[in-house]
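S.K.: These are the residues of each chain, in order.
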Amino acid sequence: MNFFQNYKKQLLSIVIIVLAVLALVTAGKKQKATVFDNAVSLVVVPAQNIVSTVSSWFGSRISSMRDDTDLNAENTELKAQIALLQSENKRLSLFEEENKRLSGLLEIASKYPGYKTTGTNIIGKDPGNWFLNFNIDKGSKDGISSNMVLTTAEGLAGRITESGYLYSKAQSILDSRSSVSAMSLRTGDLGVVKGDYTLMNDGLCKMEYIDKGSEIMKGDEIVTSQLSDIYPPGITIGYVKEVVRDDNGLTKYAVIEPAVDFKHLTTLLIITQNFQKDVSQ
Amino acid sequence: MRRFIITALILIINIVLQSTVLNLIRIHYVIPNTALIITVSMALLRGSFEGSLTGFGCGFLLDIFFGTSIGYYSVIGTLFGYLAGKFNHGFYKENYVLPILMCFFSTIIYESVIFFTSAFFYGYLNYFYFFFNLILPEAVYSAVFTIVIYRILFSVNEQLEKREKYKRRLFSIKK
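Chains as they are written, first to last, in numbering that gives the first Met the number 0: chain A, 0 to 280; chain B, 0 to 174.
Misleading hints may appear alongside valid ones.
Chain A is faced by these chain B residues, among others (derived, beta-carbon under 10 Å) [unchecked claim]: (1) Ile-12; (2) Val-15; (3) Val-29; (4) Thr-33; (5) Ser-51; (6) Asp-62; (7) Phe-65; (8) Gly-66; (9) Ile-69; (10) Val-74; (11) His-88; (12) Gly-122; (13) Tyr-123; (14) Glu-137.
Using C-beta positions, here's what the derived DEER-type ranges look like [to be verified]: (15) Tyr-121/B <-> Arg-100/A: 46 to 54 Å; (16) Val-147/B <-> Ser-92/A: 53 to 61 Å; (17) Ile-26/B <-> Lys-31/A: 35 to 43 Å; (18) Glu-96/A <-> Ile-26/B: 52 to 60 Å.
To give a feel for the contact side, a few chain B residues facing chain A, derived at Cβ under 10 Å [stated by the list, open to error]: (19) Gln-17; (20) Ala-34; (21) Leu-61; (22) Ser-68; (23) Tyr-81; (24) Ile-99; (25) Ile-113; (26) Phe-129.
If you are wondering where the hints come from, they were derived from the structure by calculation, not from laboratory data. Note that the Cβ used here is the ideal one computed from N, Cα and C, for glycine as well.
Given only the sequences and the hints, what does the whole structure look like? Please build it.
M.R.: Here is the structure:
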């Protein structure tokens, strides 16, 4: 203890310099958790798991109590919707049959193959106020590695930035560090979907670098484009809410309403296939 | 040793609650920075050395679970613990005014440091917008939370100090 007291300042400055250098060197490049990280996560992750399960249980209890009155109306509405969707589904499955038959005749592989997915839970959200990262309860133990893509049944949710043994860190598409190469499904116009702080808290994001002459308009579906080396093409990102012309007059940007409801997100699907590797090979 | 284990336990409970339950009580999209409150309170109660250790622990846990590099939050935490520990001498620890003021201002400085060293490079450009919409609400919210957290840490510290004093006396009698 005396040693610490005597050389307090020197020790502190050495520690700080070492940490600062480490932080600068590893910034943004860390894709696998270290032994330290995994050791600490052995204690923290189970606790996070329990607390988030309990709190989401209470949350759903409270919201279900609140929603009780609207349930009947919603039920009849949903029943009507199911009938509609069932008939639609039948029609589409006929199309799929036909598509299979025809592409078999033409010998083309299907452009949007079914991806292998595995389910996961969100166990923690970033306690800071700047960014939107979260922890999920699957890690390298389950074959998860960085840059795998997170989706829900509705559309794209984000990607994994770092994988530990029991947990992974993920980044949502609303985070301002995230950018996704995207395309308008109707017109084929390209752009980049980015997070933006002013929109993030309302659960919206931005599609930038749209050409001035493009015909993107409100309601268009935005999907991931073939240009991205992390995201596979054809995953729904969201729908255009508003198109705004940039100040310089050369480009436009669109405000996107993601298909995923980020406010009430608890479970996700991971596409267990690393698309980045496929490109480099 | 007992003090070390209890502090580590407090930090782990903090990161778990911070990443789960606290997200449910966001006001104006902002949650209080309990890690910083614990660091500053600990530094005020125990001095620079333990303050910087606590700050390091808080930052290290944040780095592991939410950071993009090793050591970024740890550096900031260590520095804040050390600097807050400078105010350790000559204040009545039963008085809440200094901890609340310290937490208020250190939250402002902490978030400003994060703004200029990290967020700025990810496309957050307008400081004043973020000052009024993120940093100031967070500082106020943190100041309110300080009352509860400082109270808890104060009584934990008191219990530990009592124990240590008792041991010391036993020791001297034996001697």
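S.K.: Taking the hints in turn, state whether each one holds.
M.R.: Evaluated hints:
no.: 1; hint: Ile-12; result: 8 Å, holds
no.: 2; hint: Val-15; result: 5 Å, holds
no.: 3; hint: Val-29; result: 5 Å, holds
no.: 4; hint: Thr-33; result: 8 Å, holds
no.: 5; hint: Ser-51; result: 6 Å, holds
no.: 6; hint: Asp-62; result: 8 Å, holds
no.: 7; hint: Phe-65; result: 5 Å, holds
no.: 8; hint: Gly-66; result: 8 Å, holds
no.: 9; hint: Ile-69; result: 5 Å, holds
no.: 10; hint: Val-74; result: 5 Å, holds
no.: 11; hint: His-88; result: 15 Å, violated
no.: 12; hint: Gly-122; result: 5 Å, holds
no.: 13; hint: Tyr-123; result: 6 Å, holds
no.: 14; hint: Glu-137; result: 6 Å, holds
no.: 15; hint: Tyr-121/B <-> Arg-100/A: 46 to 54 Å; result: 49 Å, holds
no.: 16; hint: Val-147/B <-> Ser-92/A: 53 to 61 Å; result: 58 Å, holds
no.: 17; hint: Ile-26/B <-> Lys-31/A: 35 to 43 Å; result: 36 Å, holds
no.: 18; hint: Glu-96/A <-> Ile-26/B: 52 to 60 Å; result: 54 Å, holds
no.: 19; hint: Gln-17; result: 4 Å, holds
no.: 20; hint: Ala-34; result: 7 Å, holds
no.: 21; hint: Leu-61; result: 7 Å, holds
no.: 22; hint: Ser-68; result: 4 Å, holds
no.: 23; hint: Tyr-81; result: 6 Å, holds
no.: 24; hint: Ile-99; result: 20 Å, violated
no.: 25; hint: Ile-113; result: 7 Å, holds
no.: 26; hint: Phe-129; result: 8 Å, holds
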